[in-house]
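Visitor: Chains as they are written, first to last, in my numbering: chain A, 394 to 793; chain B, 2 to 195.
Source of the hints: derived by calculation from the structure; they are not laboratory data.
Hints may contain errors.
Footprint (simulated), chain A over chain B, 3 or more residues, beta carbon under 8 Å [as the list claims (entries may be wrong)]:
(1) 27-38
(2) 44-54
(3) 63-73
(4) 125-131
(5) 145-152
(6) 158-169
Note that beta-carbon positions come from the ideal geometry of N, C-alpha and C, so glycine has one too.
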Amino acid sequence: MSGDVMTAHVADLLPGCAAGTLDTAERERVRVHLPGCTDCRAELDAWQVIRQAAQSAYAVPMAADGDVLPAVWHRIDGIASAGATRPDPGTSGATTAAPVPIASRRDEQGRGRRALALLATAALIVLTLAGSLFTVSRTWRQQDRSAFLPAISGTPLKPETVHTETLLDTTADGLVAGQLLVAVDRWRLSPSDSEVILPAHEGAVQLLVDSGQVTVTVNGSDHRLEPGDARDVANREFGFRASGSEEAVAYIVYATPRFPGFGANRLWKSGDPLVHSRDKMITGSADAFAGGPAQLVLKRITIPPGGTLPPQQASPLVWIQVGSGELGLKLEGDRLPFRWKPDEERTIFQFGREPIPYLAPGTTMLMRNSGDEPLVLYRLEVVPDSASATVRPEPTSQSP
Amino acid sequence: MPSGLAEKRMEIIVADEEWQLMARIAAGERDAFSELYARHRGSLLVYIRSLTGDPGLAEEVLQDTLFAAWTGAKGFARRSSVRLWLLGIARRRAYDALRRQAKSHSDVTVLEELPATDPEPESLAIVGADRETLHAAMWRLSPAHREILALNFLHELPYRDIAVVLGVPIGTVMSRLHHAKRALRTELTKEGQP
Numbered sequence: 394m395s396g397d398v399m400t401a402h403v404a405d406l407l408p409g410c411a412a413g414t415l416d417t418a419e420r421e422r423v424r425v426h427l428p429g430c431t432d433c434r435a436e437l438d439a440w441q442v443i444r445q446a447a448q449s450a451y452a453v454p455m456a457a458d459g460d461v462l463p464a465v466w467h468r469i470d471g472i473a474s475a476g477a478t479r480p481d482p483g484t485s486g487a488t489t490a491a492p493v494p495i496a497s498r499r500d501e502q503g504r505g506r507r508a509l510a511l512l513a514t515a516a517l518i519v520l521t522l523a524g525s526l527f528t529v530s531r532t533w534r535q536q537d538r539s540a541f542l543p544a545i546s547g548t549p550l551k552p553e554t555v556h557t558e559t560l561l562d563t564t565a566d567g568l569v570a571g572q573l574l575v576a577v578d579r580w581r582l583s584p585s586d587s588e589v590i591l592p593a594h595e596g597a598v599q600l601l602v603d604s605g606q607v608t609v610t611v612n613g614s615d616h617r618l619e620p621g622d623a624r625d626v627a628n629r630e631f632g633f634r635a636s637g638s639e640e641a642v643a644y645i646v647y648a649t650p651r652f653p654g655f656g657a658n659r660l661w662k663s664g665d666p667l668v669h670s671r672d673k674m675i676t677g678s679a680d681a682f683a684g685g686p687a688q689l690v691l692k693r694i695t696i697p698p699g700g701t702l703p704p705q706q707a708s709p710l711v712w713i714q715v716g717s718g719e720l721g722l723k724l725e726g727d728r729l730p731f732r733w734k735p736d737e738e739r740t741i742f743q744f745g746r747e748p749i750p751y752l753a754p755g756t757t758m759l760m761r762n763s764g765d766e767p768l769v770l771y772r773l774e775v776v777p778d779s780a781s782a783t784v785r786p787e788p789t790s791q792s793p
Numbered sequence: 002m003p004s005g006l007a008e009k010r011m012e013i014i015v016a017d018e019e020w021q022l023m024a025r026i027a028a029g030e031r032d033a034f035s036e037l038y039a040r041h042r043g044s045l046l047v048y049i050r051s052l053t054g055d056p057g058l059a060e061e062v063l064q065d066t067l068f069a070a071w072t073g074a075k076g077f078a079r080r081s082s083v084r085l086w087l088l089g090i091a092r093r094r095a096y097d098a099l100r101r102q103a104k105s106h107s108d109v110t111v112l113e114e115l116p117a118t119d120p121e122p123e124s125l126a127i128v129g130a131d132r133e134t135l136h137a138a139m140w141r142l143s144p145a146h147r148e149i150l151a152l153n154f155l156h157e158l159p160y161r162d163i164a165v166v167l168g169v170p171i172g173t174v175m176s177r178l179h180h181a182k183r184a185l186r187t188e189l190t191k192e193g194q195p
């Protein structure tokens with residue numbers, strides 16, 4: 394590292410650093426420069442304040458009645474019936490149909506409905522808080538983890554057979570009917586007094602520790618968790634940090650009707666981007682979820698090079714993503730994704746920004762490790778209580 | 002495989018999947034358009050609101066954006082991800098709407114020739130501001146400054162993607178971010194903050 398790089402200020406990188414969007418080389422520049430520069434450290438503090446302010450000011454959740462699609466179809470159908478052609482969207486003024494003023498219509502009609510919805514939401518939150526138990530549970534480990542590298546890399550040592558670890562298997566109470574958003578985030582935490590603070594989420598939120606020691610702070614109380622521990626952190630703001638002498642890895646598993654940000658965006662209220670980093674492992678959703686209690690099951694499946702899994706049926710309540718390695722995926726079924734041929738194998742890589750396309754229920758997935766390194770898959774399943782007796786396809790140990 | 006290369010290949014796969022979705026939309030498949038809408042509506046609405054500052058106007062602009070996406074799907078040139086393409090459409094529509102409502106935005110380009118690589122003195126004032134004052138000041142920023150803060154901190158786009166959405170060089174993205182911070186400091190000063 395040259396002296397110039399050591400001494401050159403990194404102010405231009407600090408907004409990206411606070412947002413967690415720098416690439417590895419940029420992040421390293423900041424990491425090298427910051428300890429010796431109080432000016433840039435103060436600058437980063439300011440950007441973190443701005444990040445929180447921007448998120449709280451601008452991240453206004455979409456109202457439940459904010460569906461503009463029917464109005465858009467109305468306009469499209471109006472154009473179609475008039476025989477108009479498709480204009481270029483980049484051309485200003487290309488549209489010929491005026492927007493349907495749904496916002497003003499809702500202003501007139503929706504105030505009472507919104508007030509009722511707010512009351513109902515408040516009541517639901519109070520009931521959920523009153524009914525939820527703040528529990529620590531030991532999660533199950535079906536395989537001996539001593540054969541694996543620390544999960545910081547997410548890549549176990551080369552196994553001889555397929556290994557399935559159940560990272561989380563817990564009952565989630567009070568999931569509401571309707572849209573269900575699910576997510577799994579992996580947090581890598583360097584030892585520090587600095588906490589990541591996440592906002593309250595409805596539904597089910599579990600923090601589980603994969604490696605290292607993690608202290609979770611809720612309502613001013615600290616709770617120290619060891620690898621394999623999980624904690625219910627739904628419906629309340631909470632903080633967490635690596636409290637041991639080594640780096641820690643923790644997963645946050647969400648099953649929620651909505652995120653405080655927008656869409657599937659998971660905002661964090663505070664944290665040090667040089668100490669905490671997040672990988673979005675799984676992001677998914679299900680429409681028309683029946684609601685009620687359900688089992689939340691997260692598994693990590695490690696497949697050796699050349700290994701395959703038994704055929705899996707796609708299900709609306711199962712989400713699979715690649716954690717590391719290369720997944721060779723073939724699909725069979727009547728409703729394959731667009732331009733996906735039955736005999737075609739595609740290679741899917743890490744990380745989970747939906748590299749596996751949406752699959753119609755019943756589509757058969759044929760999965761194998763098509764790379765030279767172990768393939769790690771994360772599989773999240775929500776099992777409604779009424780369906781808990783249903784036989785679920787499970788990956789089993791199998792020689793490569 | 003180096004992680005950077007793996008990420009690049011993954012991006013290509015994701016882009017390919019959404020490009021396929023766009024091909025279905027171009028062919029007139031409404032289910033595909035509904036899927037696109039479900040994926041991006043929240044992100045688009047937050048972005049448009051950050052620009053317009055008006056929830057009602059934002060929903061009208063969102064309609065405009067979606068209508069333009071449907072009608073323009075055949076012209077999607079695959080030069081960027083679908084997300085950035087949609088944000089670009091939303092941006093043009095939002096500024097059109099602001100112009101119609103005479104909510105002109107200041108031209109910030111003249112001030113942004115030079116990237117700001119040195120720390121600036123307003124940091125302490127921002128860190129010391131109380132939450133409510135800061136929140137109010139964020140909304141008094143110009144649309145261009147609100148927009149770049151939203152793209153950086155809510156949409157979590159890297160600089161190169163912000164540059165694509167705004168149609169400016171990466172250096173301008175960096176300098177505009179710093180101008181936004183300076184403008185925030187100015188707004189806090191008006192409120193009597195330190």
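Visitor: Test coverage of the region 125-131 of chain B by chain A using CB-CB distances below 8 Å; three residues minimum.
Guide: holds (count 4)
Visitor: Test coverage of the region 158-169 of chain B by chain A using CB-CB distances below 8 Å; three residues minimum.
Guide: holds (count 3)
Visitor: Are at least 3 residues of the region 27-38 of chain B within less than 8 Å of chain A when you compare beta carbons?
Guide: Result for this restraint: holds, n = 5.
Visitor: Counting residues of the region 63-73 of chain B whose CB is closer than 8 Å to a CB in chain A, do you get three or more?
Guide: Result for this restraint: holds, n = 10.
Visitor: Quick check: the region 44-54 of chain B, covered by chain A? Criterion 3+ residues, Cβ under 8 Å.
Guide: The restraint on the region 44-54 of chain B holds, since 5 of its residues have a Cβ under 8 Å from chain A and three suffice.
Visitor: Check, residue by residue, whether the region 145-152 of chain B contains three or more positions whose beta-carbon lies closer than 8 Å to a beta-carbon of chain A, and give the verdict.
Guide: holds (count 3)
Every hint, counting from the list given before, is met by this structure.
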